[in-house]
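When you line the sequence shown up against full-length UniProt numbering, it's residues 1 to 297, in that order.
No lab work stands behind these hints, which were simulated from the structure alone.
Possibly wrong hints are sitting among the right ones.
Stated by the list, open to error - With a straight-line cut-off of 27 Å between C-alpha atoms, the simulated BS3-like cross-links for lysine-lysine are:
1. Lys47 <-> Lys7
2. Lys34 <-> Lys79
3. Lys205 <-> Lys171
Claimed, not checked - Restraint ranges, calculated between C-beta atoms of paired labels, are given here:
4. Arg213 <-> Lys8: 35 to 45 Å
5. Glu88 <-> Pro179: 38 to 48 Å
6. Ser122 <-> Lys59: 44 to 54 Å
7. Glu164 <-> His243: 45 to 55 Å
8. Gln115 <-> Gln182: 19 to 29 Å
9. Gly83 <-> Gly131: 24 to 34 Å
10. Glu100 <-> Lys47: 19 to 29 Å
11. Ile66 <-> Ala258: 28 to 38 Å
12. Glu255 <-> Leu177: 17 to 27 Å
13. Glu164 <-> Ser67: 32 to 42 Å
14. Glu206 <-> Gly83: 51 to 61 Å
15. Gly172 <-> Trp3: 19 to 29 Å
16. Gly83 <-> Gly257: 40 to 50 Å
17. Gly131 <-> Asp9: 27 to 37 Å
By construction, the Cβ of each residue, glycine as well, lies at the ideal position given by its N, Cα and C atoms.
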Amino acid sequence: MNWEQLKKDFKRYLLLERGLSDNSIVAYLNDVKKLQSFAELQQIEPKDFQTNDIQNFLKWINEFPISEYTQARILSGIKTFFGFLQIEHGLVNNPAELIETPRLSRKIPAVLSIQEIDELISAINLSTTEGTRNKAILEMLYGCGLRVSELCNLKISNLFLDVEFIKVEGKGNKERLIPIGQQAIKYLKIYLEEIRVHQTIKAGKEDFVFLNRRGSPLSRVMIFLIIKDLALKIGLEKEISPHTFRHSFASHLVEGGADLRAVQDMLGHESITTTEIYTHIDKEYLQSVITQYHPRS
Numbered sequence: 001m002n003w004e005q006l007k008k009d010f011k012r013y014l015l016l017e018r019g020l021s022d023n024s025i026v027a028y029l030n031d032v033k034k035l036q037s038f039a040e041l042q043q044i045e046p047k048d049f050q051t052n053d054i055q056n057f058l059k060w061i062n063e064f065p066i067s068e069y070t071q072a073r074i075l076s077g078i079k080t081f082f083g084f085l086q087i088e089h090g091l092v093n094n095p096a097e098l099i100e101t102p103r104l105s106r107k108i109p110a111v112l113s114i115q116e117i118d119e120l121i122s123a124i125n126l127s128t129t130e131g132t133r134n135k136a137i138l139e140m141l142y143g144c145g146l147r148v149s150e151l152c153n154l155k156i157s158n159l160f161l162d163v164e165f166i167k168v169e170g171k172g173n174k175e176r177l178i179p180i181g182q183q184a185i186k187y188l189k190i191y192l193e194e195i196r197v198h199q200t201i202k203a204g205k206e207d208f209v210f211l212n213r214r215g216s217p218l219s220r221v222m223i224f225l226i227i228k229d230l231a232l233k234i235g236l237e238k239e240i241s242p243h244t245f246r247h248s249f250a251s252h253l254v255e256g257g258a259d260l261r262a263v264q265d266m267l268g269h270e271s272i273t274t275t276e277i278y279t280h281i282d283k284e285y286l287q288s289v290i291t292q293y294h295p296r297s
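Construct all of the structure, not just a fragment, from the sequences and the given hints.
Here it is in structure tokens:
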């Protein structure tokens, strides 16, 4: 079994059989590259891995400065890889199958208050074309709870603004409909009708909503930098990213009494347990209210 060929076959399997996104495929392949590095050091062929070899691999990666969450994700990727070898290359046993993933404490994501979101959006310079676009971007991130990849890949053909819905392609190429509010519609229309319509657009990219000045779709990094610059502008000390707006969207819905199943559908979570994290944020918020305002606190 040749590592390079196996990685090509694994990539094809993840894309065609599992239907994973490009970002997920890159993460899985990086996991396999780490396993390959270890295997070459130990002179172990892919077909010869035993359970104790996987345990030694986990000890080996533990020497690097990576978090327990990253280690758990790597183990998951390695299990998937050996499962693929069983299906496609006749491997008899999955040496990683019986290794338990360590139980991780659930990390409560950082969220912004409504006031902080208002301050960030108000800091945008609307006298520039980029500012008008950025206003629409932030309204969409917060108003629809989009992942940054979903925002970057949003298509004009998937906007149904007359009925106040958009269609996005989420993880695993799964499509879902999300309601879009009047505020986001307002600034999205301004961007589309007053800014984007005058742009020269790169061939083949005509259907993408958000473009850079060269007429190509915006990258994830660019959106991250837009948000970082705004946080710096208002002196916000929290570490934030585009995903912070998604967390804030969900948290504010739950705080307002929204049904958890509805929030799950809008976020595109496969499991309700993933969405339940926002009930913990809500409890923290309620506790802070008691601490701040109750006379006996």
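How the hints compare with the structure:
As the CA atoms of Lys47 and Lys7 are separated by approximately 14 Å, the hinted pair is consistent with the 27 Å bound. Taking the CA atoms of Lys34 and Lys79, the gap is about 13 Å. The hint holds against a cut of 27 Å. For the hint linking Lys205 to Lys171, the alpha-carbon distance of about 21 Å falls within 27 Å, and the restraint holds. Between Arg213 and Lys8 the CB atoms are about 36 Å apart, so this pair conforms to the stated range of 35 to 45 Å.
Between Glu88 and Pro179 the beta carbon distance is about 41 Å. The supplied range of 38 to 48 Å therefore holds. Against the hinted window of 44 to 54 Å, the Cβ-Cβ separation of Ser122 and Lys59 comes to about 51 Å, which satisfies the hint. Restraint check, Glu164 to His243: a C-beta distance of roughly 24 Å breaks the suggested window 45 to 55 Å. For the pair Gln115 and Gln182, the supplied restraint of 19 to 29 Å holds, since their beta-carbon distance comes to about 20 Å.
With their beta carbons about 48 Å apart, Gly83 and Gly131 fall outside the hinted range of 24 to 34 Å. Distance hint check for Glu100 and Lys47: the Cβ-Cβ separation is about 24 Å, which falls inside the suggested range of 19 to 29 Å. Roughly 36 Å separates the CB atoms of Ile66 and Ala258, a value that falls within the hinted 28 to 38 Å. Under the hint 17 to 27 Å, the C-beta atoms of Glu255 and Leu177, about 24 Å apart, fit the expected range.
Restraint check, Glu164 to Ser67: a C-beta distance of roughly 40 Å satisfies the suggested window 32 to 42 Å. In this structure the supplied range 51 to 61 Å is violated for Glu206 paired with Gly83, their Cβ-Cβ distance being about 40 Å. Taking 19 to 29 Å as the suggested C-beta distance range, the pair Gly172 and Trp3 conforms, at roughly 26 Å. Judged by the Cβ atoms, the range 40 to 50 Å given for Gly83 and Gly257 holds: they are separated by roughly 42 Å.
Gly131 and Asp9 have their C-beta atoms about 47 Å apart, which leaves the hinted 27 to 37 Å range violated.
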